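J.: Read top to bottom, the protein sequences are chains A and B.
Residues 1 to 149 in the numbering used here are what the first sequence spells out, letter by letter.
Residues 150 to 348 in the numbering used here are what the second sequence spells out, letter by letter.
Some clues are possibly wrong.
[What the hints assert, rightly or not] Below, computed lysine to aspartate or glutamate pairings styled on DMTMM-like, alpha-carbon distance capped at 20 Å:
no. : chain 1 : residue 1 : chain 2 : residue 2
1   : B       : LYS206    : A       : ASP34
2   : B       : LYS252    : A       : ASP132
3   : B       : LYS234    : A       : ASP132
Simulated from the structure, these hints should not be mistaken for laboratory data.
Remember, predicted model here, so these are calculated numbers, not experimental data.
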Amino acid sequence: MKNTPSSTPWWFFGCTLAMATILNVGLLTPWARDPSNRFGGMSFALWLAGCAFIAWSSRPIPARTGTWIASLSFLVLGELGTLQVLKHAALALLVPSLCRKPLSVACMALAAASWTPAWGWIFQQAFGTPLDFVRPLFVLACFAAARLA
Amino acid sequence: MNSRNLPFALLLVAAIALSMIWPRLPMSGDPDPLARIPREGYDLKSKDVDLSALELKWLGGASGLKRIFSHSNRLWLLAVTDGTKNRQAVHDPTYCFLGEGWKITEKSQIPLAGGSATLITMSRNGESSQALYWFYDGDTPFASVPEFWIKSTVRRISRGLSGPEPLLFILRPVGTPLENWTSAASEAATLLLPVPVKK
Numbered sequence: 001m002k003n004t005p006s007s008t009p010w011w012f013f014g015c016t017l018a019m020a021t022i023l024n025v026g027l028l029t030p031w032a033r034d035p036s037n038r039f040g041g042m043s044f045a046l047w048l049a050g051c052a053f054i055a056w057s058s059r060p061i062p063a064r065t066g067t068w069i070a071s072l073s074f075l076v077l078g079e080l081g082t083l084q085v086l087k088h089a090a091l092a093l094l095v096p097s098l099c100r101k102p103l104s105v106a107c108m109a110l111a112a113a114s115w116t117p118a119w120g121w122i123f124q125q126a127f128g129t130p131l132d133f134v135r136p137l138f139v140l141a142c143f144a145a146a147r148l149a
Numbered sequence: 150m151n152s153r154n155l156p157f158a159l160l161l162v163a164a165i166a167l168s169m170i171w172p173r174l175p176m177s178g179d180p181d182p183l184a185r186i187p188r189e190g191y192d193l194k195s196k197d198v199d200l201s202a203l204e205l206k207w208l209g210g211a212s213g214l215k216r217i218f219s220h221s222n223r224l225w226l227l228a229v230t231d232g233t234k235n236r237q238a239v240h241d242p243t244y245c246f247l248g249e250g251w252k253i254t255e256k257s258q259i260p261l262a263g264g265s266a267t268l269i270t271m272s273r274n275g276e277s278s279q280a281l282y283w284f285y286d287g288d289t290p291f292a293s294v295p296e297f298w299i300k301s302t303v304r305r306i307s308r309g310l311s312g313p314e315p316l317l318f319i320l321r322p323v324g325t326p327l328e329n330w331t332s333a334a335s336e337a338a339t340l341l342l343p344v345p346v347k348k
C-alpha cells in the first residue's frame, strides 16, 4: 500500500474513523449479551491499545490513502447491504493502517478477527465451540508478531 | 478548499449521502410474505400463538409468527421470521438454542422439497429436543446461513430487484422426540412452504 504522508488530509481519516465507529456501535450488544462473545469487548480493548502502541512507537504515522478508501467502501457497502461483517472489516483495516510497517498492519488487521462475532460463529461451525477464551490470546500473539515485524 | 482536499471531501460526502439515502429508498417485493404460509391443508390444522414480549424485543421491528399445528397425529411448533424490516433479527438459529442452554449433539442436512434444511438434535439437563430450520425465498429451501447473508445483502443493495427476502423457518416437535424424525419433519416442513405469488 502506498504511503503518502503529505498528500492525504488527516481529516479524511478522522471522518472515516468517526463513521466506522458510529456504524459499529452495534458490536456492544453481542459483547454484552451473547455468551459466545464474552471476551469480544476485552479483545477489542487490547487490540485498540496494541494498534495505538505500535503506531506511536514506530512514528512517523503514515497516511495510507488506499486503505482508507477501501475502509470507506466497506462501510458504505456494509450499510447499503446491512452486512455487519463488512463494517467490522472497515474498522479492522482502518485502525491498524496507522502502523508504519506493512507487516504490522497485516498482523493487527488479522488480530481484529478476535473481537468480531464472526469469530464465535466460525469456530462454532468448525469445532462445535466458539473458543471465546482464545480471543484475547490471539490478539496478544498478533501483537507480538506485529512488534517483531 | 484547495484542490488537494476536494476529491476526499467529495468522496466523503458521496459516501455519507449514499449511506443515508439508499436504505430509505422503497424496496420492491411482497409486503406480507408471512400471510402466504398455509394455515390449513390435507392433514394440517394450525393455530397462531402470541409472541412473548421478549420475542417481540428480539425481532426489533422484523415480522414474525409462531404457530402450533397438527400433522400426522402430532403437534409441531413453527416459528417464522421475516427480516425485511430488520435483517439482524434473522441469524443462525444455533445461537438461540445455545443461548437457551441447549448443547448441540448432532447437526446434519436433510433434503427438503428440492433443497435442504438443517436438522439439529440437542440436549439440556438430561432432556432431549430436535429442531429443523431452513430459509425460503420462493425458489427452493436452503440451509446455508452464508447463502442467506449473500441473498439478503444483494437484495438490499438492489432494493429488492434481486428477488424476495428469504424467510427463516424453525420447526420443532412438541412433546416426546420423534423416532423417525427426519422423514416426519421433512414431510411436515414441505406442507408449510408459502404459496408462490402468481405472476
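J.: Going back to the hint list, which numbers does this structure go against?
T.: Number 3 - this is the single hint that the structure violates.
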